[in-house]
Amino acid sequence: MNIPSSIITLLLGIGLTLVSLWYGQNHGLMPVAASEEAAHIDGLFNAMMTISVGLFLGVQGVLIYSAIKFRRRPGELGDGAAIEGNVPLEILWTAIPAAIVLWISIYSFEIYNEMGGFDPEANGAHAMHSMPSGKGSAMAATMDASMAGMPDSSKLMAAVGVGASPANQGKPAAVNVNVLGLQYAWIFTYPDANITSGELHIPVGKEVQLNMNAQDVIHAVWIPQLRLKQDVIPGTPTELRFTSNKVGTYPLRCAELCGGYHGSMVTRMIVHTPEEYDAWIASQQQSTQAQADIVKQTIAMNPANMSAGTYLAPYAKEMGVKPEMVNHLHHDMNMSIASATK
Amino acid sequence: MTAELSIPTPTTEEDNVVHHHRRWQDYFTFSSDHKVIGIQYFVTGFIFYIIGGLLAEGIRTELATPDPDFVDPATYNSMFTMHGTIMIFLWIVPAGTGAFANYLLPLMIGARDMAFPKLNAVAFWIIPPTGLLLIASFFLGPAQAGWTSYPPLSLLTGKVGEGIWIMSLLLLGTSSILGGINFFTTILKMRVPSMSMMQMPLFCWAMLATSALMLIATPVLAGALILLSFDLLAGTSFFNPTGGGEPVVYQHMFWFYSHPAVYIMVLPFFGVISEVIPVHCRKPVFGYGAIAYSSMAISFLGLIVWAHHMFTSGTPPWLRMFFMITTMVIAVPTGIKIFGWLATMWGGKITLNTPMLFAMGFISTFVIGGITGVMLAAVPFDIHVHDTYFVVAHLHYVLFGGSVFGIYTGIYHWFPKVTGRHINDTWGKIHFVLTYIGFNVTFLPMHILGLQGMPRRIAMYAPEFQGLNQICTYGSYVLAISTVPFLVNAIWCAYKGEKAGDNPWNALTLEWQTTSPPEIENFEVLPVLTTGPYDYGDTERVEEPPKVFTNV
Ligand SMILES: [Cu+2]
Ligand SMILES: [Cu+2]
Numbered sequence: 001m002n003i004p005s006s007i008i009t010l011l012l013g014i015g016l017t018l019v020s021l022w023y024g025q026n027h028g029l030m031p032v033a034a035s036e037e038a039a040h041i042d043g044l045f046n047a048m049m050t051i052s053v054g055l056f057l058g059v060q061g062v063l064i065y066s067a068i069k070f071r072r073r074p075g076e077l078g079d080g081a082a083i084e085g086n087v088p089l090e091i092l093w094t095a096i097p098a099a100i101v102l103w104i105s106i107y108s109f110e111i112y113n114e115m116g117g118f119d120p121e122a123n124g125a126h127a128m129h130s131m132p133s134g135k136g137s138a139m140a141a142t143m144d145a146s147m148a149g150m151p152d153s154s155k156l157m158a159a160v161g162v163g164a165s166p167a168n169q170g171k172p173a174a175v176n177v178n179v180l181g182l183q184y185a186w187i188f189t190y191p192d193a194n195i196t197s198g199e200l201h202i203p204v205g206k207e208v209q210l211n212m213n214a215q216d217v218i219h220a221v222w223i224p225q226l227r228l229k230q231d232v233i234p235g236t237p238t239e240l241r242f243t244s245n246k247v248g249t250y251p252l253r254c255a256e257l258c259g260g261y262h263g264s265m266v267t268r269m270i271v272h273t274p275e276e277y278d279a280w281i282a283s284q285q286q287s288t289q290a291q292a293d294i295v296k297q298t299i300a301m302n303p304a305n306m307s308a309g310t311y312l313a314p315y316a317k318e319m320g321v322k323p324e325m326v327n328h329l330h331h332d333m334n335m336s337i338a339s340a341t342k
Numbered sequence: 001m002t003a004e005l006s007i008p009t010p011t012t013e014e015d016n017v018v019h020h021h022r023r024w025q026d027y028f029t030f031s032s033d034h035k036v037i038g039i040q041y042f043v044t045g046f047i048f049y050i051i052g053g054l055l056a057e058g059i060r061t062e063l064a065t066p067d068p069d070f071v072d073p074a075t076y077n078s079m080f081t082m083h084g085t086i087m088i089f090l091w092i093v094p095a096g097t098g099a100f101a102n103y104l105l106p107l108m109i110g111a112r113d114m115a116f117p118k119l120n121a122v123a124f125w126i127i128p129p130t131g132l133l134l135i136a137s138f139f140l141g142p143a144q145a146g147w148t149s150y151p152p153l154s155l156l157t158g159k160v161g162e163g164i165w166i167m168s169l170l171l172l173g174t175s176s177i178l179g180g181i182n183f184f185t186t187i188l189k190m191r192v193p194s195m196s197m198m199q200m201p202l203f204c205w206a207m208l209a210t211s212a213l214m215l216i217a218t219p220v221l222a223g224a225l226i227l228l229s230f231d232l233l234a235g236t237s238f239f240n241p242t243g244g245g246e247p248v249v250y251q252h253m254f255w256f257y258s259h260p261a262v263y264i265m266v267l268p269f270f271g272v273i274s275e276v277i278p279v280h281c282r283k284p285v286f287g288y289g290a291i292a293y294s295s296m297a298i299s300f301l302g303l304i305v306w307a308h309h310m311f312t313s314g315t316p317p318w319l320r321m322f323f324m325i326t327t328m329v330i331a332v333p334t335g336i337k338i339f340g341w342l343a344t345m346w347g348g349k350i351t352l353n354t355p356m357l358f359a360m361g362f363i364s365t366f367v368i369g370g371i372t373g374v375m376l377a378a379v380p381f382d383i384h385v386h387d388t389y390f391v392v393a394h395l396h397y398v399l400f401g402g403s404v405f406g407i408y409t410g411i412y413h414w415f416p417k418v419t420g421r422h423i424n425d426t427w428g429k430i431h432f433v434l435t436y437i438g439f440n441v442t443f444l445p446m447h448i449l450g451l452q453g454m455p456r457r458i459a460m461y462a463p464e465f466q467g468l469n470q471i472c473t474y475g476s477y478v479l480a481i482s483t484v485p486f487l488v489n490a491i492w493c494a495y496k497g498e499k500a501g502d503n504p505w506n507a508l509t510l511e512w513q514t515t516s517p518p519e520i521e522n523f524e525v526l527p528v529l530t531t532g533p534y535d536y537g538d539t540e541r542v543e544e545p546p547k548v549f550t551n552v
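Residue numbers (the UniProt record's numbering), protein chains in the order written: chain A, 1 to 342; chain B, 1 to 552.
Please note that the accuracy of each hint is not assured.
[To be verified] Here are the simulated lysine-lysine pairs, DSBU-like style, with alpha carbons at most 35 Å apart:
#1 Lys118(B) <-> Lys189(B)
#2 Lys246(A) <-> Lys171(A)
#3 Lys429(B) <-> Lys69(A)
#4 Lys429(B) <-> Lys496(B)
#5 Lys69(A) <-> Lys189(B)
#6 Lys429(B) <-> Lys499(B)
By construction, these hints were calculated from the structure, which means they are not laboratory data.
Full structure from sequences and hints, please.
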């Protein structure tokens with residue numbers, strides 16, 4: 001029964017590797033992946049998870065083993081061995097982590113390229129501004145533009161964000177949606193179809209481009225199932241391009257602190273089959289007339305004098321907004337508009 | 001060299017003559033004794049820790065249910081804003097750099113006091129009124145934009161609270177800079193002549209690295225805050241997009257300080273762990289040079305990683321890649337330390353007393369924070385989890401699993417030195433077990449919440465996240481309760497604990513070579529080094545092992 005310690009070490013090493021590999025693939029911690037890129041990001045995460053579990057178990061193992069094996073027994077005197085270091089060992093534990101993080105960096109670089117992170121069109125001039133200047137016109141201007149199907153802002157000035165994957169670079173996306181973030185709601189405008197919605201509807205398998213602007217403070221669009229997030233910054237247009245490959249309904253949450261009701265700034269992204277999507281567009285276009293009337297009315301009211309609550313009321317239901325929230329909004333927006341226009 | 005030594009800095013001649021004994025009033029007045037100031041820092045910090053902790057319990061109570069039913073959402077935002085600000089600027093930074101560095105540095109290098117004792121006292125006395133000011137803002141409409149205070153939100157949530165918040169941080173930053181000047185100078189200029197740089201205890205190396213960061217990074221935060229205050233109070237538009245300002249520039253300036261701030265908060269405790277482990281394992285620290293230089297490497301790298309907090313802020317792709325790689329590289333010097341500590345334990349004669357348990361707890365939890373830090377550096381993954389509970393989990397594994405475990409490690413280790421009495425080890429172990437369990441139950445599930453889709457800083461959340469949130473909330477109650485045995489034990493034993501003697505652990509660094517508590521000017525005669533700081537395991541020097549004291 002006297003197994004040499006080198007064999008025990010070897011067996012432990014193999015066991016650790018197997019556990020890490022298994023857990024790295026089977027942790028089940030990520031939500032559904034609704035795009036190819038999301039699946040690739042999961043691949044990166046799984047790889048990091050595998051290494052992490054190995055490292056984690058190794059460190060905890062050494063801690064527990066040392067605490068048992070090297071603990072001072074009652075009555076034991078004296079010191080441990082006078083070992084002050086071991087240069088080859090120190091080089092080893094410098095070189096291996098260095099190699100690992102280098103490998104993770106290269107892997108991340110590749111995935112980031114696949115996602116479209118290096119799309120030159122999504123990395124344009126940072127210093128250009130689209131923010132209308134003061135005097136209470138901020139709301140009216142953004143409203144006008146988004147309601148009337150504003151000319152795609154990303155064509156006028158380059159946005160920043162995650163662009164097209166290398167295969168699609170230079171081509172326009174199949175579906176363009178203008179996204180306006182405001183305390184505490186999202187407004188999606190489809191310039192080609194002349195539709196406004198409180199939810200994001202997209203067709204499966206088609207490349208979608210979100211051209212994003214914020215009205216008041218910084219928000220962030222986060223769709224966990226796409227593993228995508230981009231800040232939506234007042235004055236700086238940002239964009240996200242992606243292709244979902246899974247029909248379904250997913251949450252779209254604000255991820256950047258934007259005020260008291262930040263947590264309720266949630267809507268849905270609905271990925272339709274192409275037929276469903278066309279049907280949805282058609283049904284929305286029918287009601288566009290009604291919406292246009294509302295818009296005319298509100299613009300006639302002079303938005304500078306109109307509260308956010310009033311402005312949002314017609315959309316409250318479809319945005320999944322509770323009435324009390326609109327009241328809070330009323331208050332908060334008035335405050336923010338007041339200070340923004342001072 | 002001798003010229004440097006002739007700075008045995010009594011505050012005044014009179015001090016030298018009259019105050020041979022410490023009076024209790026010293027702790028409440030403008031004392032320039034580094035040991036008094038160290039204790040002042042710690043006690044003040046701990047009071048703020050309790051306040052920040054109560055705020056955290058309020059936050060967790062709110063999050064026990066998906067609806068905002070415990071406090072109203074604006075108050076909730078103020079609570080986490082204050083929680084973050086208090087814990088960082090009034091607890092961990094003052095405890096690490098203020099309490100430990102002040103108390104230990106002069107003792108460890110054989111000096112009679114800090115290089116600039118009056119400045120030291122000024123740095124401390126900025127803190128209590130500033131802390132009170134910050135807390136007073138709670139009754140005047142406190143800041144609600146998070147401890148990061150990003151504009152434009154921070155410009156829109158009430159001038160008074162935000163103004164006080166900016167003012168407080170400017171003052172606390174000033175205090176930090178004054179401290180940094182003192183530590184840097186003291187370490188470089190006040191060592192006993194027989195101590196070369198490479199014979200300094202590793203805590204001194206850690207503090208050298210930390211004070212460099214304090215001096216380089218803090219002024220940039222001050223710049224950001226001053227411009228922010230102009231936007232807030234004078235209506236300028238440095239960061240306000242309504243007037244053509246650029247909110248992202250604030251983020252760059254803020255994180256230029258606030259990433260290094262992470263190392264300001266954790267490097268001192270890397271130093272503490274490097275001190276504690278060799279003593280209780282009775283082995284030389286493994287790879288002294290590597291651990292010393294890795295502190296400096298972390299300090300330098302820490303200055304060029306800040307935009308990893310901004311991967312979704314529209315940072316250009318080549319910059320994202322640059323900051324990804326620099327951030328990843330920090331894992332290397334950090335790994336060197338962790339492996340060095342483990343190798344120090346390996347083959348030692350480990351006394352499993354409270355300071356050693358907390359040191360092991362530190363390694364065990366900090367390694368998780370380190371691992372998730374590398375994950376967060378990977379841009380594609382960060383885009384998914386940025387601003388989610390995954391980040392909340394990560395930062396608490398670094399700042400609680402790292403810094404607070406480090407604070408407790410240091411407190412249990414140096415308690416006999418500071419008070420001259422032992423702290424009860426059994427109650428210490430109970431404190432450790434409760435803290436370790438409470439901490440992991442609170443923060444481990446948060447990783448999953450973030451991956452699954454829960455953003456941070458929200459008062460209301462989707463019902464599917466309730467189960468895990470309730471676990472976190474229960475964990476946080478255990479964590480709160482775990483503080484009670486510590487407080488009672490520490491206060492009781494400071495007065496009634498068993499007398500410890502000068503060097504109960506048989507440690508070799510200089511602070512243990514004087515009386516406990518150290519006399520007013522630390523050493524009767526300036527000590528001469530006879531051994532290195534970690535020369536344990538010398539077979540000729542058979543000594544008694546450190547004892548475990550359990551009876552009070
Ligand atoms: Cu938002
Ligand atoms: Cu950082």
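Do the hints match the structure? See the list:
1. Straight-line distance between C-alpha atoms of lysine 118(B) and lysine 189(B) comes to about 17 Å, which keeps the hinted pair within the 35 Å bound.
2. A distance of roughly 23 Å separates the Cα atoms of lysine 246(A) and lysine 171(A); the hinted pair therefore holds under the 35 Å criterion.
3. For the given pair, lysine 429(B) sits about 20 Å from lysine 69(A) by alpha-carbon distance, which is consistent with the 35 Å threshold.
4. Distance check on the hinted pair: lysine 429(B) and lysine 496(B) sit about 19 Å apart at the alpha-carbon level, within 35 Å; holds.
5. For the hint pairing lysine 69(A) with lysine 189(B), the CA-to-CA distance comes to about 43 Å; that exceeds 35 Å, so the pair is violated.
6. Simply put, lysine 429(B) and lysine 499(B) have alpha-carbon atoms about 20 Å apart, close enough for the 35 Å limit, and the pair holds.
When the structure is compared with the earlier hints, a violation turns up for hint 5 alone.
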